[in-house]
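Same order as they appear, the protein sequences are chains A and B.
Everything in the first sequence is counted per UniProt numbering, starting at 1 for the first residue and increasing by one.
Everything in the second sequence is counted per UniProt numbering, starting at 1 for the first residue and increasing by one.
Wrong hints could be hidden among the right ones.
[What the hints assert, rightly or not] With the C-beta cut set under 8 Å, the calculated list includes, among others, these residues of chain A facing chain B:
(1) Asp41
(2) Glu52
(3) Cys110
(4) Cys147
[As the list claims (entries may be wrong)] On the chain B side, residues computed to face chain A include the following (Cβ under 8 Å):
(5) Met187
(6) Pro401
(7) Glu652
(8) Leu690
Hint data in this document are derived by calculation from the structure and do not stem from the laboratory.
Cβ coordinates follow ideal geometry from the N, Cα and C atoms, glycine included.
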Amino acid sequence: MIDKTLAQRSAGAVLECEVNGRKIAIETPPARRLLSILRDDLGLTGTKRSCEIGRCGACMVLIDGKPRNSCLTMAYQCSGRSITTIEGLADEERLHPVQECFLEEGGYQCGYCTPGMIVSVKALLDDTPDPTMEQIEEALTGNLCRCTGYGGILRSVARAIERGGEAT
Amino acid sequence: MLLNRSTSRDRWRVRPDGPGKVTGKLAYLTDMTAPNMLHGMVLRSPHPHARIVSIQTEKAMAMAGVHAVLTYADVPGLNRFGIAHPDHPVFCEDRVRFVGDAVAAVAADTPELAAEALKRIEVVYEPLPVVDDPELALRDDAPRLHEQGNVLHSNDYAFGDLEAAFAACAHIVEETYVTPRQMHVYMETEGGLFVPEENGRLTVYSPTQHGFMDRMQLARILNRPEADIRVVSSPIGGSFGGKDELNVQPYGALLALACGRPVKLHNSRFESVRAGLKRHPMRIAMRTGADASGKLLAHQARIVSDAGPYSTLSAEVLNFAVEHVLGPYRYGAAEVKSVSVFTNNGMSGEFRGFGGNQAIFALEGQLDRLAGKLGMDPWELRRLNLRKPEDPGPFGQPIVPTDGARQVWEALLESRLWRERSSPSAEARPREPWRKIGYGAAFVMHGSGLGVGIPDPAGGRLALAADGKIEAAFGYEEFGQGLIASLEQMLVESYGFGPGDLRIVIGDTDVVPDSGSSTASRATSMMWKSLRRLHGPFTERLLGAAAEALGREARTLRIGEGGIRSLESGELLLSYGDLARAASEPIVCETSFSFPASPVERVGSHYLYTYCSVAVKAEVDTRTGRVRVLDQFHAVAAGPVVNPQGFLGQIEGGSGMALGFALTEDAVMEKGVYLTRNLDTYLIPTIAELSGTFEVLPIEELPEGDEHGPRGIGEVGSVGLAPAIAQAVYDATGKRASKLPIDPELLQERFRAE
């Protein structure tokens, strides 16, 4: 027997969290996917929709600094958390160093996987500034790219490591 | 010189579309929304083959929030699409022929409502026998999928006395090669936004590789003049051939017009899998013989290609395969028979490499096997039989002569990787006994352009816009290859404009000229040629107007960054903005021509070719049977490198696809139903599979007087690696893989504790 009050109870649910440094409060069902909230409710379309089963990483965001597939994250799991999307990496004046490295090395082609890829690279380097190749592979196998063959991505990561997080 | 950032020096440029891509600010067409927008979805057949008994849409239509439910009865024009031969139903009338076949479409307030409405459309089917094997489909007793039967297209080619040639052979190898149903896996699935405009026109924002082709096909379906439709088609989140044919566009267009409101569609991944194109699975049986010295005397091939239920470009892909199973070698006699067959499997169609991938995997496999029989080095066997620059093409047709074949053959021999093969150092050998290392190489000769018999228009337009921008307008599409960057680079390097002087306009049928399709490795070559043709007239017009405005002689001026400059001092004399204001009439130059074609009748013959050699070092773990590619070398003879970053990216990226083709990728079907539904079971290479060494050597030299400039490089990277891997696996294990992806079980070995 379906408990119809569940839907009613969730109807007025409010998600309060931080997105790219700004506090937000939006009315949304607790089980709504973060991917939809970002793209459809907040207009943050830099986070991409692709496989929707957490396999491709195109929808990767940071939740309290950790990379998470937003397609597998529900609204209630974001309550009180700090979420960073690709739009939140650069400040007004300049790009994040990882973004600059991708630009310079050509670590992208069609660009559809790029936001998620850059988010994952940032998370890796924040956690491990000088990763081994195994650590790079481990951190980025969840981000699929169909265009580059990963050559440009690996060069972008190498350059970002070289810079030690500093844009020069 | 190997191609990389440091050897490219200041020719390595940041792409103009880069900032939008690394910041997430670039809006893809599937990111777009519009006020008052509805969500569209398509009801597809659950059966690979069935008769439609009835379709009832009333219950779906009665739902609050559902605004349209459409079936075949609602198509005002031709209820069919297909680039070459329109036989793919927009909506099926009385029969479905694959699990992607569309029966109805809905538009609703939300995607959830649209999905619910699909469930309430009542379709009664009467299942029919499923034809899931092209060989069985060819039998007389097979159910006929179309009135003309199950043969979509066949194409034979022969020369010489084959029987006598085989009789004279000292060695003959026979093998059947089987290739998988490879999926494009563009990261952005099909979709778009469809907007009925107040003036009665329709704007289609949806990725495609040829906006004007979509416009023509949509006009035919909607029964409207082409001028009433605007197709905006870039940027695109990957295509690889897969978005060249119509996909969601007919449904979006019909729904938007039916509702009088904007409608958005964006396929889920499974929707993309079931409805989208795949690379043609082919069975290629080959018999090839040589004399005792290794000279090829006889070559015979039979190709059976699984087209799926409708035509799209299956005939053209087959023609390409026929040409490329002959390839760069000279034979005493040869015979190719081929057939593309309708089945109830998924749709096959255009995919990077266009039938060359399957053909060349088989052909190169034959050379490797024959070398084994001859006890000869496989690369030497290729040299012995390789075409000479002045030799005719694979169909005996005249082709533009280059020395590319010899050049890439030699480049491979001299490569670091191939020299390592001859004398592997201690660290190149694995320590554990179950790890085995092998080296392999393959040769690729790949045609570009659509070939004889298909209209292949090209061209573009340069203008000085009213706001002083130099506007370059081309009907090509940006799906990631770096087309915008290449165009900018050519305008900067060969005209002397600054990047800030330029406005590049592509991907919008309202404002670009028809430059033909962005397919067949043709777009960069055609932009190069267009700019070369426009160089004289456009420069002359700019300088003439500037001379008038400045009261100086045109011959004392030149174009440059920021505006018109003094030829002598380089001093900036007149900005492009001031020139635009001063000019008495608009300065616009346009060119149109066709992709060069061989002067023969044979449909599909090519005229321009790119040559590649690929060497690979691979490691086989004989416990798991898994193959790991450690090192790759690619020599590419394709004329001048227009855009170093783009060139490297095309070869690296193409090669990544070839790795998947060789080792992991197959969209598995059983009895016409996809077992593969998403990227959890369809495995494209990850960064861990592609972290090995990679070298690209471009060979830019062309014969003196060559007027064709840069050759195509968009597809070649995706071709040669698979046969090279198969040979490396043989070199490592002594086992021949003739079926792709290579089954790990084939390579597993039993170990006993010592």
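Are there hints from earlier that the structure breaks, and if so, what are their numbers? Of the numbered hints, 1, 6 do not hold.
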